[in-house]
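K.L.:
Here are the chains, one letter per residue:
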Amino acid sequence: MAENTNGAAADARPILEVQGLKTYFFTEDGVVQAINGVDFSIKLGQVMGLVGESGSGKSVTSLSIMRLLPASGKIVEGRVLFDGEDLADTSDSQMLEIRGNKISMIFQQPTSSLNPVFRIGDQIAEALTTHQSLSAEQAEQQAIELLRIVGIADPQRRFKAYPHEISGGMAQRVMIAMALACKPELLIADEPTTALDVTIQAQILDLMRNLRTETGTSILLITHDMGVIAEMCDTVAVMYAGQIVEYTDVYSLFDEQLHPYAEGLLAAIPVLGVVQKTLAVIPGSVPNLIKLPPGCKFHPRCPYVKEICTKEQPDLLEAKPGHKVRCFMRDPRTAEQWAGVGKATWHFEGDEVLAPVEEAV
Amino acid sequence: MTASATTTPLVIKKIEREGKEESQWRIVGRRFARHRLAMISLVIIIIIFALTLLAPVISPFSRDAVDIAVTARPGPPGTLSSAGEVHLLGVDHLGRDLLTRVLYGGRVSLTIAFIVVIFQELVGVSLGAYSGFYGGWPDGIISRIVEFLLSIPTLPILLITSSILIKTDAQLPVPAFVTNGLARFFDSTPQDANKVLVLCLILVVLGWTGAARLMRGMALTLRGQDFVESLRAMGASNGRIIFRHIIPNGIAPILVNASLGLAAIVIFESALSYLGVGVQEPTPSWGNMLASAQSYMFQAPWLPLVPGIPLVLVTVAFNFVGDGLRDALDPRLKR
Amino acid sequence: MAVSVPVAKKDILVVENLKTYFPVRAGLFQRVVAQVKAVDDVSFTVREGETFGLVGESGCGKTTVSRTILRLIPATGGSVFFEGQDVFNMRKQELKSMRSQMQIVFQDPYSSLDPRMPVGEIIAEGLQIHGMKDKKQRNEVVQGMLEKVGLNPYHAHRYPHEFSGGQRQRIGIARALSLNPRFIVADEPVSALDVSIQSQILNLLKELQHEFGFSYLFVAHDLSVVEHISDRVGVMYLGKLAEVTSREDLYRDPLHPYTQALLSAIPVPDPRRRRERIVLKGEVPSPLNPPSGCRFHPRCPLATDICRQQEPVFEEKRLDHWVACHHVDVAGKSSPAARMG
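Chains as they are written, first to last, in this note's numbering: chain B, 1 to 361; chain G, 1001 to 1335; chain D, 2001 to 2341.
If we strip away everything but chain B, and leave its shape as in the complex, we get (with noise of 0.2 Å):
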């Protein structure tokens, strides 16, 4: 595993470690189930990545974590351990402290992201100030420096700039500069890049990329694109309908993946190069999260799918050294009932409803 976690020593300490997290939204509607029990941990210096569809979960998971749920959101259980201190139960004053200053959170939509009536030198200036005691001067001659880090041409010119004046990729780096004005010990970065072109993506990528190299920061990074974890992140957790299904480390996902999801997801995109006649497919679609199936929530639509699987919840345990994953086909109890079984072809044509074999042949 030492090559897995490339900077990072393979026994730091980790600096974020979520607990048993469940956070659901209470609407009109219903209890939304947005999370459902989220255990991971990153370590120092390392980049994590967290993937999923929409509606997975992994969006509330970083609110969560940030304490930026809206309204209707709440932790319901669980604990954030950054630190060593829970951010589940903190103080708003002090969270505001952390936020920021310790953890840095950079979005989506880098313009939106941005408050359009302030220069971004300034926007960055004021980031500096609020967690540390500077002068203006100071803080203007800190914010140039970190707009040269991110990679931005002519610093003293765009730190006049106001955020229509720039593009979406500059935008970002931005962000990036405001997100790094407090050296936080970890970055969480949700979909930094999904609005991004393809040229600019790999520029924000390699940023981020040399940053943590340099600066030593952790990173949780959210995506729903399974290249991007593959070229950025040293451990994956793929998540579904508000749980992880699988977790370990990026090469043991992509050599092998455990879960029906993961290994179904990977084989339905299209990979550069590789030119394949039709692709997999996985049937049905994203359960609702106020009424989520029994037992695994991905039984509808897995094909390997028994009995158990529809009244039973497996857990997510460690069926490989530093490989979990949360399936009764791995589970060691459990696992007997599949011998024989080969891999699925995934050939379906989408709107197909799986259930187990009624009995046995």
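Check the hints yourself; a few may be wrong.
Stated by the list, open to error - The list that follows gives simulated cross-link-like pairs (lysine-lysine, DSSO-like), each with its CA atoms no further than 27 Å apart: (1) D:Lys-2010 - B:Lys-277; (2) B:Lys-277 - D:Lys-2206; (3) D:Lys-2148 - B:Lys-160; (4) B:Lys-22 - B:Lys-43; (5) B:Lys-343 - D:Lys-2133; (6) D:Lys-2148 - D:Lys-2133.
Source of the hints: derived by calculation from the structure; they are not laboratory data.
Got chain B sorted already, so can you dock chains G and D onto it with the hints?
P.N.:
Only chains G and D this time, still in chain B's reference frame:
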């Protein structure tokens, strides 16, 4: 990928509950029904309108008949007529039965409101949709007219134009059966019905701008939507796009506007009639009844209340219906 | 796959020197002060039964190309021939009948369906426009279309809001197919969808093409998706085509430095293939004020003086491989008969 060793799960094609299909209008109806105040208001409006339609059944008196036997003019509720019948709400200063007149007055006031609102929304929606969809110079002209009409103070203009038109006995070029039908409905002469129509015309001309602005905005956003582009790619005519797609999609705020408009028109008509340039005696309307009650307010305090209470009830009710519609049509609410 | 002798396929769509400029107006009298050259001299052909993929980053003009071909946006110059007919010089009636032959599938599954109309009516509308008066007949077509795209016939009575994004995209495809077109513009049809839904729609588009034999102009920004679905690919940069060739040649042997950079920028879902990428400097310039000479030169790692001064000619540098770059040498052309345009 060896298919032979694959699990073959029982594949069930998605079976969805049938009969769940629900048009958006039915959803809106259901949401409206849950808005209690709006529902009560709707019932009140329906009752009042029904009462005015049933005027001849409810009241034994004719609209303009002067009861010479009654000496107290205005007479309080419960005054007995020469024939021994009860004037439930009393008689006015000329000795006419107030109940009968307030019911006929309601007919007139509400009919005016409905006619005006229907026409002003029709004009506003068509011009707004046209101007928003086509843009360019037609939009420029229509928008300038709207701005001009909105910038002039309404009441003085209403006063001036209606006093001119009504005093000069302007004849509207409407088919005879319309004026005659209206005259029979109001129990008045065709000349008086024509005056009511003149009043309606003035209110329509000054009142279509709200609907036009709403519809123009809707058309502007809708014409950029992909489904309109797809219609053009299929070869749909502009008329088809406007009438089958743009207007039905933009109609929600128009409905809210219309129900608030009903309240406004009732008030406007009353104000004009009160000032003597709206509906003319002997045709009653709630407005001119209030006007004639004014001189006797202190001897006969019930006089202004008779048209005043239904007037307030109706306008408040229309406003609540508008609120209810607005909530029911709000796309941010789901169910 | 066995190497098949290339059968000369007919061109269904020929685009020649297409230009679409948008005027920029300013001031009290809305005078035209500048032109945004969204599409500037673009030529390519789409062959019968094939998919032509048009890729590029946002603002490169790929969507404008597709809308101009369909005459949804007026062209500034050039011409488009659909099955030999000049699209820009059609009379009203000709244009209408051509519209049934060329259809479009949109990116956004939400704004592309009229929310106030049941799905059946949405699909039947084209039939109605093109003179199918009998309601029963229309219903039959609608039911057939719904089944073709993998939906249930009883879905016809439902409203768009009752469907998921993927299902709505299927409805949009059914609507495009209802008129039995020969050519379909697919404008980013999967980029708004989740990964697992994306593959369903891509498979469906391929299956339908196999069954009905129509051609696609597949507009997308995702090179992996385009590779999966296309037979030939054109790469656009700032209103111009940088490179056009077969899929195999484009992905195996990209000649234009922009194509090379674009291909190397895509993150591949394989951590062992993390590689040295060509990271382009800077950002796409504004089409309002494009750079002189080759439009790519400010970002190009190979740029020299000639690139700054002279616009490269878009020419056939290899057999059926068209490139606009000063630094690619001509190494072989196809016979004039097979040349495009």
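K.L.:
Hints first: check each against the structure and report whether it holds.
P.N.:
The hints, checked one at a time:
About 24 Å separates the Cα atoms of Lys-2010 (chain D) and Lys-277 (chain B), which keeps this hinted pair within 27 Å; it holds. A hinted pair counts as satisfied when its Cα atoms are at most 27 Å apart, and Lys-277 (chain B) with Lys-2206 (chain D) qualifies at roughly 9 Å. Under the criterion of a C-alpha separation no larger than 27 Å, the hint pairing Lys-2148 (chain D) with Lys-160 (chain B) is inconsistent with the structure, at around 57 Å. A hinted pair counts as satisfied when its Cα atoms are at most 27 Å apart, and Lys-22 (chain B) with Lys-43 (chain B) qualifies at roughly 22 Å.
Restraint check for Lys-343 (chain B) and Lys-2133 (chain D): the C-alpha separation of about 51 Å exceeds 27 Å, so the hint is violated. Restraint check for Lys-2148 (chain D) and Lys-2133 (chain D): the C-alpha separation of about 23 Å stays at or below 27 Å, so the hint holds.
In terms of the numbered hints stated before, the structure departs from hints 3, 5, listed from lowest to highest.
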